[in-house]
Amino acid sequence: MDPLAAIRDTFFQECEEQLAELESGLLAIEEGDHDPERINAVFRAVHSIKGGAGAFGLEALVRFAHVFETALDEMRSGGLAPEDFVLKEMLRAADLLADHVAAARGGPPVDEARSALLAEELAALTGAEVPGEDDEGADFDIPFEVVGFDGPGLLDLPDLPDLGGGGLPDLPDLGGEIPDISALLQSADPIDAGGPRTFVIRLKPTRALYSHGNETALLLRELRRLGETRVSMDASALPLIDALDPSQGYAVWTVELTTSEDLDAVREVFEFVDGHCELDIRPAGAPPAAVLAEAPPAAAPPVFEPAPSERVMSEQVMSEPEAEIDVAALILQAQAAVKDLLGEPDAQAPAPEPAASAPVVPLAPAPTAPAAQAAPPTVTAAPAATIRVDLERVDRLIDLVGELVINQAVLAQRAAESGLARHNDVAMGLDDLEQLTREIQDSVMAIRAQPVKSVFQRMPRLVREVAAAVGKDVRLVTEGENTEVDKTVIERLSDPITHMIRNAIDHGLESPEKRVAAGKPAEGQVKLAAFHRSGRIVIEVSDDGGGINRPRVRDIAASKGLIDPNVPLTDEEIDNLIFLPGFSTASTVSDISGRGVGMDVVKRSINALGGRISISSAPGKGSVFTMSLPLTLAVLDGMVVSAAGQTLIAPLSNIIETLQPKPHEVKPIGPAAWLMSIRDSFVPLIDVGMALGYRTEPVDPANCVALLVEEGATRAALLVDTIQGQRQVVIKSLEANYRHVPGIAAATILGDGRVALILDVDAIVSRRAADYTPAHIAA
Amino acid sequence: MTDPAQNAIDRRELISFRIGDQEFCVDIMSVREIRGWTVATPLPRTPDFVRGVINLRGAVLPIIDLSARLGLGATEPEARHVIIVCRIGAQMVGLLVDAVSDILTVTDDLIQPTPDVGCDQVRTFVKGIMAIDGRMISLISLDRVLPALDLEAA
Amino acid sequence: MSKTILTVDDSRTMRDMLAMALNDAGFQVVQAVDGEDGLAVLDAHSADVDVIITDINMPKLDGFGFIEGVRKDSRHRATPILVLTTESDSSKKDRARQAGATGWIVKPFNPVKLIDAIRRVAA
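Chains as they are written, first to last, in my numbering: chain A, 285 to 1063; chain B, 608 to 761; chain C, 853 to 975.
One chain only, chain A, in its complex shape:
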């Protein structure tokens, strides 16, 4: 993949993380956590997004992020107090920033009007100005000129060291006053625009230059890239080695540079060392310092910026031929000495090169030609407890492990069929194999397990939007967001949870007025919780609203012909009527929850995952939706049964016990239904073979086996021909190549290579018992 495209992907992934950090940070600040580090983190999140967006030229995103960042900067520097209304504004801005990111990624375009309005509001908070589209503000100017330092001039004037010996001319005692150089240059010839010109550069590094990691040799090298150079060094100030302070600068360098570049280019070379050296750059032929007079300051010629503290140099020094020592050797020795004394273990002290011709300033000892080689690997030295792995590889691994499970089952079956004794070595070996396979499978599944956090994180924004749309005040509380579940399940959780939350806010919670009138706080609460229970994951969405209006629900169901109005129903049964297909088209559906999605669709999608959903409610107090799902969609522990000659799998998690029905335990009820008595209670008896349409003639239950199953609060006894055993099976989708088949949850491949269907227990149990009845038994 094009590496830049990969980084772009990384950027958008990182944006998601930053947006999540941003939201949770702002929420925490809103709750009262004003810890500066918290505010800093929130600032950094937006700053980070802006930085990356700039690198990819995502202008609209950069512009909005910039305004947001400015406001956050104000807040972190204390200029903007984290008051409630400010935080609410910022939360809205965070939502919009997310929209901008989505749009930049190719998603739906941003609501321009809303964006502009928010940008103005944010700017108003800080008194800043909103950057317009044409603004070429320095912050997000895409051309990348390295910005030079702001500062008046090229030279700081550090204290002049006592240079002792000769070499430098006696400087006039200026008594602290340095005349304006421009005055001295009035007579200088104007530099002509074209053609090479010669500058004379005098450089005296100070201690600071080295202590900041700069090197004279490199500066000289840079100059050489601009043109021809003649370099001389005045080493007169260099003390003997034992008096040498390696971190101090002693040498004074003079470079005559002939270049077709302009002064700015020359100055740029010294950009980083501004203030860390004495520096003088002037065109050749400029009058010497000796002409220091009390000339009045004049307008600066275009060449030099007038700098009151420019140090003037004597012409003598500029043209001293005897200073042409072996520059190369000196540099290297000095370098070596410095490094050695600074304690660098790999001090390089190469043999001094023979005196090269003066103009050549050689490169430092280890020249590196940054050729475009194959990229050496990047080491991420961060002590990582995690690695990033391509999801495809994990999926492939899980598929392979699934095949391993199947193969192991095949092997076990064939071994059993071939009459291998159970205590035989091979049989025991196979048992060990099964154990190992399960362990591998568990470990591999764990790789793909993710905390539900990623789904939960989208909910606060949803709550804000839905609450705003229906005019209610809602607070979302989440619990157990680190509960882990297989990736296959996580992706399918988002829609059901979204619908349940929408429903809770829209229908569950009362309006603020009604709540207050009922003695409740005006702000309603919706709680989203996740936890593990009996090897499954349970998600609860609860609200403290008015609970289910049972009489109303009952009436609607009756009017839609979904129930017989004369049959009494328990409270729980009434509550669960909302899951019936056809119920949701009732007038209770509002704009928000409706949109063609009713609770029956939610239930169906949960069931398709092998999950279950139910509701319980207390009038006036609130309702709880409980959704339970298998931890993974990839494998299932099942009981292999046969019915009407077909091999079927019943999920073990549904099965409470297996029973052998005795004739006296099977009781007829009504015209065509049957019940089975189990200890002291009665449950409907359902003939699976007939339920699935495999046979039309009922069978004698006495020759069958009954599976007592539970689906939510409902129990039933499923009548099958025989039980073949228990097995963990790999789930294969029926919908992938076909479509949903009622009564069937999925498929699997058995040891003999044939496809077996996995029962959808809920679908079977929730049919009206009248359809699926066993044979009439003579009493």
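By construction, these hints were calculated from the structure, which means they are not laboratory data.
Ideal Cβ positions, reconstructed from N, Cα and C, are used throughout, including at glycine.
Watch out, some of these pointers could steer you wrong.
[Unchecked claim] Which chain B residues face chain A? A few, computed with CB under 7 Å, are given here:
hint: 1; residue: 650
hint: 2; residue: 651
hint: 3; residue: 652
hint: 4; residue: 654
hint: 5; residue: 660
hint: 6; residue: 662
[Unchecked claim] Simulated coverage check for chain A against chain C, where a stretch passes if three residues somewhere in it have a Cβ under 8 Å from a Cβ of chain C:
hint: 7; region: 288-295
hint: 8; region: 336-347
[What the hints assert, rightly or not] Okay, derived cross-link-like pairs now, DSS-like style, lysine-lysine, Cα gap no bigger than 30 Å in a straight line:
hint: 9; chain 1: A; residue 1: 737; chain 2: A; residue 2: 771
hint: 10; chain 1: A; residue 1: 372; chain 2: C; residue 2: 965
hint: 11; chain 1: C; residue 1: 855; chain 2: C; residue 2: 965
hint: 12; chain 1: C; residue 1: 912; chain 2: A; residue 2: 737
hint: 13; chain 1: C; residue 1: 924; chain 2: C; residue 2: 944
hint: 14; chain 1: A; residue 1: 946; chain 2: A; residue 2: 737
With chain A's structure known, arrange chains B and C on it following the hints.
Frame of chain A; chains B and C shown alone:
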């Protein structure tokens, strides 16, 4: 038949097969493989032209009895029958047919529009007909082969 | 022998972009995710690191703190440090210099300018 002078874009390759004494074909681009018949696991309450599902290297593949689908009567599958594995949209489907005959290369101008014979199945499934070597071969439209959703038992 | 560059930035995107540009130019890259991590990594790879590139805004220990920390290490008193800054705000640059930075690169960075800057401070 092949006309070398014709622009390659106008040509397609088709696989022809027999059901009873009629000949049909499908675009080879949709065909993934051809295999012999294996017993299918029946699916409950599905139209009778959906014979069930088989295991295709770990994936679950539905088998459509094309004869039944076209209204030519249900097939009693035997070992000699053939399953043509096709890609229809995002799904893989197996078509149960009697036997595969040929691979044909035709140009679009050879395909004639289907005459209206007042039959629903013909109208729905036969995209066009061709006369080749004195045979009549009907081009099947695969999009409609899978049952429509409303045929599902509730 | 190619040079090794330590890049310190809390943004994965930025680290990846730097790595791409630097690897293309033949440099080896070692990464750290914030100032604290940067000091730890520098300690572990001390002999190898030739140049340091660091961001300013980072959690745990910011760029300024990191640079000060580097300069306190006797092995790296003169190691070139370039700061990455989106801020044309000169006060940040000054502060970085005060902490001991050698030079700077403005984000979004141009790979050519990046290599230029490195060349200017590293042999």
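Right, here's what the structure says about each hint:
no.: 1; hint: 650; result: holds, 5 Å
no.: 2; hint: 651; result: holds, 4 Å
no.: 3; hint: 652; result: holds, 5 Å
no.: 4; hint: 654; result: violated, 12 Å
no.: 5; hint: 660; result: holds, 5 Å
no.: 6; hint: 662; result: holds, 5 Å
no.: 7; hint: 288-295; result: holds (count 5)
no.: 8; hint: 336-347; result: holds (count 3)
no.: 9; hint: A:737 / A:771; result: holds, 12 Å
no.: 10; hint: A:372 / C:965; result: violated, 41 Å
no.: 11; hint: C:855 / C:965; result: holds, 17 Å
no.: 12; hint: C:912 / A:737; result: holds, 24 Å
no.: 13; hint: C:924 / C:944; result: holds, 20 Å
no.: 14; hint: A:946 / A:737; result: violated, 50 Å
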